[in-house]
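Trainee: Given the coordinates of chain A, work out where chain B should sit on it, guided by the hints.
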Amino acid sequence: MQGILQLEKTSVLYRYRNLFIYGTLLIVAVLASYISNPVITTAVLASAVRQATPIVLGALCGMICERSGVINIGIEGQMLLSAFTGFLANVYLDNLFLAVLVAVLTGALLGLLLAFMSVTLKIDQIIGGTVINILALGLTGYFYISGLTTSGKLQPIRLGPLADIPLIGPIFFSNPPITYAAIILVFLSHYVLFHTRWGLRTRAVGEHPRAADTVGIDVYKIRYANVIIAGAVVGLAGAFLTLESVGSFERAMTNGRGFVALAVMIFGQWTPFGAWGAALLFGFAMALQTQLQFTGQFNIPHQFIGMLPYVLTIIVLAGFVGRSRPPAAEGVPYEKE
Amino acid sequence: MSMPPVALEVRNITKRFPGVIANDGINFTLRRGEIHALLGENGAGKSTLMNIIYGLYSPDEGEILIGGPDGELKPVEIRDPHDAIRLGIGMVHQHFMLVPVFTVAENIILGDEVTRGPSLDMATARKKIKQLAYEYGLDVDPDALVEELPVGVQQRVEIIKALYRNARILVLDEPTAVLTPQEVEDLFKVIENLTERGVSIIFITHKLKEVLAIADQITVMRRGRVVGTTTPAETSEQELASMMVGREVILQVEKGPAKPGEVVLDVKDLYVAGERGIEAVRGVSFQIRAGEILGIAGVQGNGQTELVEALTGLRPFVKGEVRLNNQLVPPDDPRALFELGLSHIPEDRHKYGLVLPFPIADNEVLNTYYKPPFSQGIQRQGNAILEHARRLIKLFDVRAPSPLVPAANLSGGNQQKVIVARELSRDVRLLIANQPTRGLDVGSIEYIHRKMVEMRDQGIAVLLVSAELDEILALADRIAVMYHGQIVAVMDARDADREELGLLMAGSGTVEVPVSTPQAV
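Line order of the protein sequences matches chains A and B.
Number 311 in the working numbering belongs to position 311 of the first sequence; there are no gaps in the numbering.
Count along the second sequence starting at 1, add 1000, and that's the number in the working numbering.
Just chain A, same shape as in the assembly (with noise of 0.2 Å):
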């Protein structure tokens, strides 16, 4: 440890050594579970990363709206919405791309929603996220039908060789088809932000605006298409609940997944892959708490397990959210001169 703590300052070893020094507790740590119970450490894990799914996408989501200089607080609602079309056009239309594809469009035309009160009419977006919580849970409370059935749910698809691997191909290589665009869309994100032009006015936009105007960016425009894009991406956490996960709805079936994601997005420090090993984080703390529950050795009350992620999510956003530095210029409505 001591070597690592003393590499030169330049070196790619130095800037990333905490990531190196945890990498290396958490594999000897889950190598070791598995040395000492194959079958469950893989299923808590593996769990792990489909828990992380709909958590890891409504962060993305928040992330892309912040970063533009939009605070998006309706990512609960939007969830909820669009796990509720995606299943009715399950229901009705039985074919499962295009559930999906519904449930991704609702979640576009919430984003679509949210950018018109935040963009155009500039109220403050803490209500207009607030409006779209409000308007999900009364538009799926009121047109909930119970005992809707379908013919079925997305299945998990192998990736041949690579799902052979022990402990890593059930993890990663054995998942149905929203888990793995969770972990595609981690990557293409980081690669947009970062690396290219829409990235970099995205970013600009969201931490001085007025910049971004003078040298000819449209401000409205760029918060219009990331606020909508972001929806679609939690559309896609909606359509993860219902027709993948569970396979029907329930009322309120997001169960606060929307706020842990914003927990989450701020843990990752509005980074892709910051929000990724976050949500993997919380997806462990839940698939922990449902092993622990099922298995009962210990002698907790179950209430107490199941706080688990909540708890989790308090202990985070106490000790982070004052430390950690948001887009500057999120949640102010632009006005042009």
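Watch out, some of these pointers could steer you wrong.
[Said to hold, decoys possible] In silico lysine to any residue, SDA-like type, Cα no more than 20 Å apart, as pairs:
| hint | chain 1 | residue 1 | chain 2 | residue 2 |
| --- | --- | --- | --- | --- |
| 1 | B | Lys1351 | A | Gly331 |
| 2 | B | Lys1127 | B | Asp1112 |
| 3 | B | Lys1351 | A | Pro333 |
| 4 | A | Lys336 | B | Arg1079 |
| 5 | A | Lys221 | A | Ala328 |
| 6 | A | Lys221 | B | Asp1080 |
| 7 | B | Lys1371 | B | Ser1425 |
[As the list claims (entries may be wrong)] Here are some, though not all, of the chain B residues that point toward chain A, as calculated from beta-carbon distances under 8 Å:
| hint | residue |
| --- | --- |
| 8 | His1093 |
| 9 | Met1097 |
| 10 | Val1099 |
Since the hints were made in silico from the structure, they are not lab data.
Note that the coordinates shown come from a computational prediction; the quantities given were computed from them, not determined experimentally.
For each residue, glycine too, the CB sits at the ideal point set by N, CA and C.
Mentor: Structure of chain B alone, referenced to chain A:
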């Protein structure tokens, strides 16, 4: 001598806003390679004119013509900054249009990115920037983060940003407002370098000395009109000032010698933490006596803000001792300080000086509302507050139709008068004024300066913090220079030398002056 060809001409530009004519039939000609100063007070219409040229506003009447390489003038339409950039017009705004968390290169290419496939091509961008920097003698590191650069270098980044877009006409909006005297000299060298390469400069300012030092042509604006065009050889500071204001102006503040009395404020070894956990003030000690003005000179961001915040109870201090009227003051308790006789004209009048949506009347009692006659028990006394405001409006010459007008609706100068009225209408012993005239017109500056000298003559101790060296030299009886959170020198204003102060402000002081126990004058 043959005149160089015209680079830009505006003819008869008129722009009306609800209730005001911001530009009224403006004619203005800029020749190639010329430095043309546009001089005028705040609200004279300079910025409106430049925003029209840069495509941010569209004029109601008039036309803009651009000279081609062959000298031929063509009328153009500039609908947005894109058009302006395409026509070779670049602008360096007073508040830099740079993204602080971006690198220099990212800021420069923003909006005009070099790409390879879908990816940004930073290597090519870097090369292009380095070449431009070399060509025009503008030294910057393309990979530095903008927020970590000194202001003077940030300005260079802005200039390169314009050159990167092939600007041949460069508009500099109040470029020297935030620079140290040495940085101003560097900037002037850069400007001359640019003009030698055929770039034409429009230099917007209200500082007369600079205009005379650098401009080839001077156009003076007042109330939306051009009142005259002249050259430095034909005019003087006094004449330019009169043209700007429209009447004779007293440039020199009239004041007699100070008669310092007992010590009012005694600061010993003060340490104050800054925003990001860095110590912003590091071991500052000084005294101010009744009836004297202590000026703190220094480039912005050297701890003055934190020092003032600590002394006014807005920011806790880490270590040290502050005595006001021989009483130890508790840190972090503005009301206790007010009751000990402190008055404060804050740096940011919108953020700390006024509650903008509140009427003038309520703003005038922000620090006394809880005391009789403005309050009886828990009941607010509206009539007493209104009466008080009416009296102050008259006494301090605030131009407002009624005490019920929201502070937000007043001009900058009148807002400052509302603050001055509130702070000086009480029984005070110490006045702390931080940048009291920033952004004000000459008339208001005159008024505030006169008021401060008046207070001094009444035996009040005054602490003046200003980034404008001229203001410090005009008002202070003693001058302290702050650099990197420390007072690096204290001197009698009569012995102060601009050059030396400038060097001290830039941290390259050659004279070591003891930091502790300043002598009374």
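Trainee: All the hints need checking, so say for each whether the structure fits it.
Mentor: The hints, checked one at a time:
1. Of the supplied pair hints, the one linking Lys1351 (chain B) and Gly331 (chain A) holds, its CA atoms being roughly 18 Å apart against a limit of 20 Å.
2. Between Lys1127 (chain B) and Asp1112 (chain B) the CA atoms are separated by roughly 15 Å; this keeps the pair inside 20 Å, and the hint holds.
3. Under the criterion of a C-alpha separation no larger than 20 Å, the hint pairing Lys1351 (chain B) with Pro333 (chain A) is consistent with the structure, at around 19 Å.
4. Distance check on the hinted pair: Lys336 (chain A) and Arg1079 (chain B) sit about 14 Å apart at the alpha-carbon level, within 20 Å; holds.
5. Using a Cα cut-off of 20 Å, the hinted pair Lys221 (chain A) and Ala328 (chain A) holds, with the two alpha carbons roughly 19 Å apart.
6. Taken as a hint, the Lys221 (chain A) and Asp1080 (chain B) pair is honoured in the structure, with Cα atoms around 15 Å apart against an allowance of 20 Å.
7. A hinted pair counts as satisfied when its Cα atoms are at most 20 Å apart, and Lys1371 (chain B) with Ser1425 (chain B) qualifies at roughly 15 Å.
8. For His1093 (chain B), the interface hint holds, since its Cβ comes within 8 Å of a Cβ in chain A; the closest pair sits about 7 Å apart.
9. Below 8 Å, beta-carbon pairs count as interface contacts, and Met1097 (chain B) has one with chain A at about 4 Å; its hint therefore holds.
10. Evaluation of the Val1099 (chain B) hint against chain A yields a held restraint, the C-beta minimum of about 5 Å falling below 8 Å.
Consistency note: the structure conflicts with none of the earlier hints.
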